[in-house]
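Protein sequences appear in the order of chains A and B. So in my numbering, the last one in the first sequence is 226, and the numbering has no gaps at all. So in my numbering, the last one in the second sequence is 1315, and the numbering has no gaps at all.
In short, the hints are calculated from the structure, not lab data. Positions of the beta carbon are idealized from the N, C-alpha and C atoms, including for glycine. It is possible that some hints are incorrect.
Stated by the list, open to error - Which chain B residues face chain A? A few, computed with CB under 10 Å, are given here: (1) S1037; (2) G1039; (3) S1064; (4) W1065; (5) L1137; (6) I1139; (7) L1169; (8) S1177; (9) I1184; (10) F1291; (11) R1293; (12) Y1294; (13) A1299; (14) M1303; (15) S1311.
Unchecked claim - Only some residues are given here: those of chain B computed to face chain A with a beta carbon under 10 Å: (16) Y1046; (17) W1050; (18) P1178; (19) E1296; (20) L1314.
Unchecked claim - Computed list of chain B residues with no C-beta within reach of chain A, every gap over 10 Å: (21) V1059; (22) S1131; (23) I1146; (24) S1153; (25) D1196; (26) V1275; (27) L1298; (28) F1302; (29) Q1313.
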Amino acid sequence: MFLAHVNPLQASIFSSLAVVSLLLTFVMLGSHWLRNYVYAFAAQSWMIAALSACVGYFAGYPELYMIAILTALFRGLVLPYLLLRIIGRLNVKRELHAVLQPSSSLVIGAFLVIFAFVIANHMNSQSLLASRVVVLALTIMLSMKFLGFLMLTVRDEAVSQILGLLVLENGIFLGSQILVPGMPLLIEIVILFDLLIVVACFGMLVRFLVVHAGTTSSRQLNRLVG
Amino acid sequence: MILSDVVLQICQVLCVLLLAPLLQGFILKAEERIQRSRGPSIIQPYRDLWKLFHKQSVVPESASWIYFIAPLIAFTAMLIVPILIPVLTDRPLPQSDMGDMLGGGMILTLGSFAIILAGLDSGNVYGGIGSSRAVMLAILAEPTLILVLVGISLLAKAMLPFVVNHLLLGSPSIYWSPAHLFLILAFFVLLLVETDRLPIHSPTHLEIYMIDEARILEYSGPLLALLKWASMMKQFILYTIFCNVFVLPWGMSQIGTSLGEIGSVVSLLAKFLLVALVVIVIETVQSRLRFYRYQEPLAAGFMFAVLAIVSSQLL
């Protein structure tokens, strides 16, 4: 396996790229402005694209360059553009009625990172991959998933729910880039197109919400209407 | 000429004592300059202290012995901390093994605890408000401080600031590791909060915003001078820890010649110039947060400290 023998330079490049993308998730968690979410998501996607290019270079998988370009193009440019268009049309600028204040969600997020670290450490101690980069990648993958779930639970603006889903997916993608770099190109492309469909569907759903419920907050939908 | 260790230790304390007002003066002056006004002279804090020491002291009737003893405790605590940390030399000097980093943190907190008691003592309304706000901030800031200290001791495998300094000097890979960078960010948040800067403390002293100033409203004359001097020294000490232990561990005297000591004073001032400029930029671009949003920067600091500890486990 590639990760069993990375040299310190590669390890530090991987870990700093991964850690910066985790930090960008926290930026999304700690901010109330929808535009900031989208910018942080775009920056995170660029980080992941750089990561897959690095893995491709060091591990010798030329198809990862292709994936890096696709990631930067789709997740870094097209999806943020579509989201910004949705936000611009909806005329919502910020999350108004979040269940948790940004500070409390930051603290809960910090604890989720510790939880992810404990799980990753446990998983690593059972298999025999004694590499630190593996634990780091597992930790960041799990914590980005947890943070995505947290964003889905505590936010009720429709756009931030899309972003929660996208962060969740980014986490899985980041983990897979480091842990199983040789994933077939076709699967990656399918995932990328899936994401496009997710955003398009959500865009339609949001419009439906505005037309029929007169709001963009999903909290208004827990009432049965006959 | 190589100075003996005792002389060096005395020099460390004197350096903090005498240069602390200069740092305060520089920050005040530079802030005004950025806003395109002239600002007070850079040695104005010295003049203020001199004036206050020559004034008469007016004591409220309701004051008890705590009122008199609190400034002395605060001032003494700030004289003790420089013994424990690397100010001029990068090696332990006599008596620097009295306490580790947690001990130094405790003595720093003891000083502000004494001032909190003094604010409550005279029964003044503003003193009470100031003390209660200061306690709330302390409750929010203390977990981050403890976690930062734990994180840096996990990195260095020791609780002594000198060891941390040597470690960062010796291994660039640890200096640039995410754990250390997160610790710097977390400590920087603490630095802003503890040295009475924005986004929490207001630079203009109106009663509705007051936190630290409200606790010492009842004081006048020499006791007020002691309190002000103690808070300037606290700022100087925190800047020293931030520079010499966390961010810029370079440029400290190793052998202890008098020329080397002068050089390390100069380099200390140069480092403070850098940090103070960053702080001033933040003070200029940031507005003061609402009272109920005080926890946001501190929660970010807490998050950075937790991330630092998690990533220090992965080194």
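Now the hints, each set against the structure:
Hint status for S1037(B): violated, given a least beta-carbon distance of 33 Å to chain A, over 10 Å. Using the Cβ-Cβ criterion of 10 Å, the hint placing G1039(B) at the interface with chain A is not satisfied: the shortest such distance is roughly 34 Å. Interface hint at S1064(B): violated, since its Cβ lies 38 Å from the closest Cβ of chain A, which is beyond the 10 Å cut-off. Of the supplied interface hints, the one on W1065(B) is violated, with its beta-carbon coming no nearer than about 39 Å to a beta-carbon of chain A, more than 10 Å.
Because the beta carbon of L1137(B) sits about 14 Å from the nearest beta carbon in chain A, more than 10 Å, this interface hint is broken. This hint is violated: I1139(B) has a C-beta 13 Å from the nearest C-beta of chain A, more than the 10 Å allowed. About 19 Å separates the beta-carbon of L1169(B) from the nearest beta-carbon of chain A, more than 10 Å, and the hint is not met. Below 10 Å, beta-carbon pairs count as interface contacts, and S1177(B) has one with chain A at about 7 Å; its hint therefore holds.
With 10 Å as the threshold, the beta carbon of I1184(B) stays out of range of chain A, its nearest partner Cβ sitting at about 13 Å, so the hint is violated. A hinted interface residue such as F1291(B) counts as satisfied when its beta carbon comes closer than 10 Å to some beta carbon of chain A; here the least separation is about 13 Å, so the hint is violated. The beta carbon of R1293(B) is positioned within 10 Å of a beta carbon in chain A (closest approach about 8 Å), and the interface hint is therefore held. A least Cβ separation of about 9 Å between Y1294(B) and chain A falls short of the 10 Å threshold, and the interface hint therefore holds.
For A1299(B), the suggested interface contact is upheld, since its CB lies about 4 Å from the closest CB of chain A, less than 10 Å. This hint holds: M1303(B) has a C-beta 4 Å from the nearest C-beta of chain A, less than the 10 Å allowed. Hint status for S1311(B) relative to chain A: holds, with the closest Cβ pair at about 6 Å, below 10 Å. For the restraint placing Y1046(B) at the interface with chain A, the shortest Cβ-Cβ distance is roughly 39 Å, beyond the 10 Å limit, so the hint is violated.
Checking W1050(B) against chain A by beta carbon gives a least distance of about 43 Å; that is not within 10 Å, so the hint is violated. Taking 10 Å as the C-beta contact cut-off toward chain A, the hint placing P1178(B) at the interface holds, the least distance being around 4 Å. Among the interface hints, the one on E1296(B) holds; its C-beta lies about 5 Å from the nearest C-beta in chain A, closer than the 10 Å criterion. The beta carbon of L1314(B) comes within 5 Å of a beta carbon in chain A, closer than 10 Å, and the hint placing it at the interface holds.
Against chain A, the non-interface label of V1059(B) holds: every CB pair exceeds 10 Å, the least being about 41 Å. Distance check for S1131(B) against chain A: the nearest CB is about 23 Å away, which clears 10 Å, and the non-interface claim stands. With 10 Å as the threshold on Cβ separation, the claim that I1146(B) sits away from chain A holds: the shortest Cβ distance comes to roughly 14 Å. The Cβ of S1153(B) lies farther than 10 Å from every Cβ of chain A, with a closest approach of about 18 Å, so its non-interface assignment holds.
Every C-beta of chain A lies more than 10 Å from that of D1196(B), the closest at about 21 Å, which supports listing it as non-interface. The beta carbon of V1275(B) is kept farther than 10 Å from every beta carbon of chain A, the shortest such distance being approximately 22 Å. A beta-carbon of chain A comes within 10 Å of the beta-carbon of L1298(B); the shortest separation is about 7 Å. Distance to chain A contradicts F1302(B) as a non-interface residue, since its nearest Cβ pair spans about 6 Å, not more than 10 Å.
Some Cβ of chain A comes within 10 Å of the Cβ of Q1313(B); the nearest lies about 7 Å off, and the non-interface call is violated.
The structure is inconsistent with the numbered hints 1, 2, 3, 4, 5, 6, 7, 9, 10, 16, 17, 27, 28 and 29, although it conforms to all the rest.
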